[in-house]
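A.B. asks: Given only the sequences and the hints, what does the whole structure look like? Please build it.
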Amino acid sequence: NDGLEFVKIVTFTPANRNNLIAIMAGRSDGDAYGKLMVYTLPKSRFIDGPIQIEARIDQDPTLSGQFTLWNQQGSRIERGNLMVIPVGDGLLYVQPIYLQAERSPMPELRTVVLATQEKISYGPNFASALANMFGEAAGKKDEPKDAEKDGKKETNTETTVSPNTQQLIERAAQEFADYQKLTSEGKLADAGKKLEDLKRTLEELKNGG
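Each number in this note's numbering comes from the position in the sequence shown (counting from 1) with 99 added on.
Quick caveat, the hints were computed from the structure, so don't treat them as lab data.
Take the hints with a grain of salt, since some may be wrong.
[As the list claims (entries may be wrong)] Listed next, with one range per pair, are the computed distances between beta-carbon atoms:
1) THR282 <-> ARG175: 35 to 41 angstroms
2) SER261 <-> ASP159: 32 to 38 angstroms
3) TYR132 <-> SER283: 21 to 27 angstroms
4) THR167 <-> GLY125: 22 to 28 angstroms
5) ASN115 <-> ARG202: 25 to 31 angstroms
6) MET205 <-> THR167: 37 to 43 angstroms
7) GLN171 <-> ASN306: 41 to 47 angstroms
8) ARG144 <-> PRO204: 42 to 48 angstroms
[What the hints assert, rightly or not] DSS-like cross-link-like pairs, simulated, lysine-lysine; straight-line CA separation at most 27 angstroms:
9) LYS286 <-> LYS298
10) LYS218 <-> LYS134
11) LYS280 <-> LYS107
12) LYS218 <-> LYS107
13) LYS305 <-> LYS280
14) LYS298 <-> LYS107
15) LYS286 <-> LYS142
16) LYS218 <-> LYS286
17) LYS134 <-> LYS298
18) LYS107 <-> LYS305
19) LYS305 <-> LYS142
20) LYS292 <-> LYS280
21) LYS107 <-> LYS134
22) LYS107 <-> LYS292
23) LYS298 <-> LYS280
24) LYS218 <-> LYS142
25) LYS107 <-> LYS286
26) LYS305 <-> LYS292
27) LYS134 <-> LYS305
28) LYS142 <-> LYS107
29) LYS286 <-> LYS134
No residue lacks a Cβ here, since even glycine has one placed at the ideal position from N, Cα and C.
C.D. replies: Structural data, given as structure tokens:
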């Protein structure tokens, strides 16, 4: 189907295992309302499921250290929903990380983490995380806000991107922000269209622009 529609996606893992084996999509528009579609992933490939992705995030030395630091300063981290976005023949996981202060009613976005089967990337916002995911290493890359450096050897690398890649990153960041805003406003059909725009932009990034 080449048209745009709002689709609810649910991931499936086997009993007592955490690898991803299938994705079910619930359609919501027109004559397709209420129809379910199941996509079975190839058995020849081991694909990380949501729990395994979160475990990989926790095992990242920089992120793990920062999470520990934040949880010791009269505040706590709050993980946002782990979004799964199909990109080409692969999957891109997106998870925002918030800091909830004891005396503040509103959590603050501190880090956005992106993950594929091969790589984890992060930055203080979605655009920065995309740049670290798709750019070229040269120097020192963006870290979570307030990353602790004292007494630690810095081994991270900076990420540089071409003008075309930067343009795609900025477009994807805006589409992601629009998607979140439309979802929070309950405009699900418009949010679904914006998510499709985001998928196309990410596909361009994956293919090198």
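A.B. asks: Taking the hints in turn, state whether each one holds.
C.D. replies: Hint-by-hint comparison with the structure:
no., hint, result
1, THR282 <-> ARG175: 35 to 41 angstroms, "violated (24 angstroms)"
2, SER261 <-> ASP159: 32 to 38 angstroms, "violated (26 angstroms)"
3, TYR132 <-> SER283: 21 to 27 angstroms, "holds (23 angstroms)"
4, THR167 <-> GLY125: 22 to 28 angstroms, "violated (38 angstroms)"
5, ASN115 <-> ARG202: 25 to 31 angstroms, "violated (42 angstroms)"
6, MET205 <-> THR167: 37 to 43 angstroms, "violated (23 angstroms)"
7, GLN171 <-> ASN306: 41 to 47 angstroms, "holds (42 angstroms)"
8, ARG144 <-> PRO204: 42 to 48 angstroms, "holds (44 angstroms)"
9, LYS286 <-> LYS298, "holds (18 angstroms)"
10, LYS218 <-> LYS134, "violated (34 angstroms)"
11, LYS280 <-> LYS107, "holds (17 angstroms)"
12, LYS218 <-> LYS107, "holds (26 angstroms)"
13, LYS305 <-> LYS280, "holds (25 angstroms)"
14, LYS298 <-> LYS107, "holds (15 angstroms)"
15, LYS286 <-> LYS142, "violated (37 angstroms)"
16, LYS218 <-> LYS286, "violated (33 angstroms)"
17, LYS134 <-> LYS298, "holds (22 angstroms)"
18, LYS107 <-> LYS305, "holds (24 angstroms)"
19, LYS305 <-> LYS142, "holds (24 angstroms)"
20, LYS292 <-> LYS280, "holds (13 angstroms)"
21, LYS107 <-> LYS134, "holds (11 angstroms)"
22, LYS107 <-> LYS292, "holds (13 angstroms)"
23, LYS298 <-> LYS280, "holds (17 angstroms)"
24, LYS218 <-> LYS142, "holds (21 angstroms)"
25, LYS107 <-> LYS286, "holds (14 angstroms)"
26, LYS305 <-> LYS292, "holds (20 angstroms)"
27, LYS134 <-> LYS305, "violated (31 angstroms)"
28, LYS142 <-> LYS107, "holds (24 angstroms)"
29, LYS286 <-> LYS134, "holds (20 angstroms)"
Going down the numbered hints, you'll see the structure goes against 1, 2, 4, 5, 6, 10, 15, 16 and 27, while the others check out.
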